[in-house]
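J.: Sequence:
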Amino acid sequence: MKKSSIYLKTFSLMLSLGVVMSASAMAIASLKPSSSSPAQQTPSENLLARRPRFRARGVSSSRGRSGGTSRGPGMCYGEQITVTPLLPKINEQDSSKEERVVVESTVSPAPKFLISVDQTKATEAEFTLLNANGTEVIYQQEVSLENKTPGIITVSLPEPATEDEALVKVGQEYQWFFSVRCDPTDLAGDLIVEGRIKRIPKEDALAQELADATELEKPAVFAEFGVWTEAASSLAELLENNPDNPEIRANWQALLESANLGKLIEKDLVSSSESSVEN
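Note that the working numbering numbers the sequence shown so that position 160 is 160, with each residue one more than the last.
Heads up, a few of these hints could be off.
[Said to hold, decoys possible] Below 25 Å or equal to it, Euclidean Cα-Cα: the simulated DMTMM-like pairs (lysine to aspartate or glutamate) are:
id, residue 1, residue 2
1, Lys198, Glu126
2, Lys112, Asp204
3, Lys267, Asp164
4, Lys112, Glu159
5, Lys218, Glu163
6, Lys112, Asp186
7, Lys263, Glu146
8, Lys89, Asp212
9, Lys202, Asp212
10, Lys121, Glu142
11, Lys112, Asp164
12, Lys267, Asp244
13, Lys148, Glu126
14, Lys267, Glu217
15, Lys198, Glu215
16, Lys218, Glu247
I should point out that these hints are in silico values taken from the structure, not numbers from a laboratory. Please read all numbers here as calculations on a predicted model, not as lab measurements.
Produce the entire structure from the sequences given, and follow the hints as far as they go.
T.: This is how it looks when you write it as structure tokens:
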């Protein structure tokens, strides 16, 4: 065989191999995920990138009470302490007016309430839920403060078996009080903070967002829809169970700062379990 023929066949073989290798490389490249732009991200990816920021809407101011408190800070066992309900605050346009607390919104039949309590020698507190005009006690819960202060106490209402058994009804507004027992022999010495809560219907858009969201994303969904109670309590639960998670801690900071509660960011989170019910 002539050398030119051998060279020709060799060149043809190399050319064919090159085409095959190029085609394979292109096929492999097409299978690799490409980095997407923000506009191409899925809704959950966009949601995860957002920090939860509370947006008050559809609620009114809490009847002129400043800070959601009636008595606190104050003296307790000879020490000055502060008891602070975790209620979102709004800045009045008129700087001469004090900040007012909006009525909490909830979509849950068994909402959770968050209250910050300074270090104290007091060992007992009481949570009370009343109807809107304060004439009927809906629920009472004794709360132990032993080994829980300083910290943010979570008070949970019992989960109802049916909607008819729910303590908090859709469309109804309620008052709630948290009393720290500073003198067991004299209730007049209690430090008391208060708030108001209203259960609103869970709109379809909120329900759909929640259905598509992960547990980490849900607080941001609640916050964007103005549902403070679940935004705060769901994120507090995540942080209590994952105290070293930097993403959850950053979300907690963002949420509190958006509600003018930044001073409480470093407070530990604790739960309450003791309860008794009055209807």
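J.: Taken at face value, is the distance from the CA of Glu126 to the CA of Lys198 at most 25 Å?
T.: Holds, at roughly 21 Å.
J.: Does Glu126 lie within 25 Å of Lys148 when you go C-alpha to C-alpha?
T.: holds (14 Å)
J.: Given the hint that Lys267 pairs with Glu217, test it: the Cα-Cα distance must not exceed 25 Å.
T.: holds (22 Å)
J.: Keeping to a limit of 25 Å between CA atoms, is the pair of Lys202 and Asp212 held or broken?
T.: holds (15 Å)
J.: Sort out whether Asp164 lies within 25 Å of Lys267, counting only the CA atoms.
T.: Violated, at roughly 36 Å.
J.: Holds or violated: Lys112 with Asp204, Cα cutoff 25 Å?
T.: Holds: Lys112 and Asp204 sit about 22 Å apart, inside 25 Å.
J.: Would the hint linking Lys89 and Asp212 be met if the CA-CA limit is 25 Å?
T.: violated (29 Å)
J.: So if I understand the rule, the pair passes when the alpha-carbon distance is 25 Å or less; does Lys218 with Glu247 pass?
T.: holds (14 Å)
J.: Compare the distance between the alpha carbons of Lys112 and Asp164 with 25 Å, and conclude whether the hinted pair is satisfied.
T.: holds (19 Å)
J.: Starting from Lys112, check that the Cα of Glu159 is at most 25 Å away, please.
T.: holds (11 Å)
J.: Decide if the proposed pair is consistent with the structure: Lys112 and Asp186, CA atoms, cutoff 25 Å inclusive.
T.: Violated, at roughly 28 Å.
J.: Within a Cα-Cα threshold of 25 Å, do Lys198 and Glu215 meet the stated pairing?
T.: OK: Lys198 and Glu215 at ~24 Å, within 25 Å.
The structure does not agree with the numbered hints 3, 6, 8 stated previously, though it agrees with the rest.
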